[in-house]
Amino acid sequence: MPSRPLRQQCYYLLVFGVFMTTVVTLTQNNSMYTKMSFKATTVKRNPLYKATQTLIIVPGHGVLNTLNASEWRKQERWCMEPHQLRDGVIMPLCFASHIRRALEVLKENIESSILIFSGGQTCRWSGPRSEGLSYYLVAEETNLFGLFGSAASVKRVLLERIFAEEFARDSYENLLFSIARFYEIIGGFPEKIVVVGWKHKERRFTMYHRKAIRFPAGKFEYIGLDFDAASDFVDDSSPYRKAKPYKDSVALSYVTKDMYLCEGEWKARKQRNPNFRFAPYEISCPPLRPLLRYCGQTIIGKDQVPWG
1 MPSRPLRQQC YYLLVFGVFM TTVVTLTQNN SMYTKMSFKA TTVKRNPLYK
51 ATQTLIIVPG HGVLNTLNAS EWRKQERWCM EPHQLRDGVI MPLCFASHIR
101 RALEVLKENI ESSILIFSGG QTCRWSGPRS EGLSYYLVAE ETNLFGLFGS
151 AASVKRVLLE RIFAEEFARD SYENLLFSIA RFYEIIGGFP EKIVVVGWKH
201 KERRFTMYHR KAIRFPAGKF EYIGLDFDAA SDFVDDSSPY RKAKPYKDSV
251 ALSYVTKDMY LCEGEWKARK QRNPNFRFAP YEISCPPLRP LLRYCGQTII
301 GKDQVPWG
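So in our numbering, spot 103 of the sequence shown is number 103, and the numbers just go up one at a time.
Worth double-checking, as some hints may not be accurate.
[As the list claims (entries may be wrong)] Straight-line C-alpha distance at most 27 Å; calculated DSSO-like pairs for lysine-lysine:
| id | residue 1 | residue 2 |
| --- | --- | --- |
| 1 | 302 | 201 |
| 2 | 302 | 244 |
| 3 | 199 | 247 |
| 4 | 219 | 44 |
| 5 | 192 | 44 |
| 6 | 192 | 244 |
| 7 | 155 | 199 |
Simulated from the structure, these hints should not be mistaken for lab results.
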């Protein structure tokens with residue numbers, strides 16, 4: 001029988017061997033994980049969406065804070081930032097104008113497009129309700145504003161062509177996370193993107209966010225709307241026509257210095273995440289992982305994006 005010192009030596013050698021094996025394995029796995037590119041990842045395309053090529057995005061700007069969606073027209077039922085408000089303007093009607101315009105775009109190419117309402121659980125006072133779901137509920141409550149005919153058609157569109165993205169905390173994430181959500185649904189990436197949102201954000205999306213993700217300019221469209229787009233929902237449209245336009249200078253000051261909003265926006269993103277949610281897209285959309293992680297001072301390389 002081996003002596004006690006010899007048994008101890010054998011034990012230590014065994015422990016050391018297990019430790020080194022674990023270290024080597026983890027190192028190899030991490031190396032493979034880091035080097036894994038979207039080209040090495042294959043996902044079967046959803047057969048229900050073989051012809052779907054266009055992603056329509058509506059960024060959210062408020063959370064519907066009620067259990068009764070029929071109250072969506074009441075401004076007091078929404079959680080919004082004070083700077084969004086304008087005298088005489090009912091903001092939910094402006095949100096509705098964005099939703100309806102996006103639905104019109106969807107209707108034009110219903111079999112080749114899906115619509116995603118994007119926005120996370122950004123309001124502390126609304127609990128786990130999200131901007132994306134709030135906009136979906138407005139679309140559902142209004143029967144898609146009568147654009148799709150019968151109840152059966154409305155139901156089909158709601159279930160098969162309209163979705164919510166519920167993790168975005170800012171406009172860059174509205175774009176990037178909606179692309180990831182498209183991938184979750186379709187099993188591929190959009191060939192064309194249409195964003196329907198506030199007019200003052202057009203430059204931010206087209207010149208900075210689109211450029212940051214290297215999406216082709218010729219396949220990217222931004223439809224910008226102002227307050228007066230809500231005129232069809234009111235009897236007196238004068239407050240909407242006279243409302244002081246939003247300015248984008250503050251947001252642009254951030255995005256021009258930090259295109260991926262990794263530094264200056266970190267605190268704001270934290271504040272807009274009161275429920276401590278974590279987006280799942282690095283797992284559910286592996287090909288987009290390099291872009292989801294990227295925080296460089298220069299534009300990400302072409303070989304790091306699926307459409308490069």
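Structure-based check of each hint:
The straight-line distance between the Cα atoms of residue 302 and residue 201 is roughly 25 Å, inside the 27 Å bound, and the hint therefore holds. Of the supplied pair hints, the one linking residue 302 and residue 244 is violated, its CA atoms being roughly 40 Å apart against a limit of 27 Å. Under the criterion of a C-alpha separation no larger than 27 Å, the hint pairing residue 199 with residue 247 is consistent with the structure, at around 10 Å. Between residue 219 and residue 44 the alpha-carbon distance is near 24 Å, which keeps this suggested pair within the 27 Å criterion.
This hinted pair checks out: residue 192 and residue 44 have alpha carbons roughly 20 Å apart, not beyond 27 Å. At most 27 Å may separate the alpha-carbon atoms for a hinted pair to count; residue 192 and residue 244 exceed this at roughly 32 Å. A C-alpha spacing of about 30 Å is found between residue 155 and residue 199, which places the hinted pair above 27 Å, so the restraint is violated.
The earlier numbered hints that this structure contradicts are 2, 6, 7.
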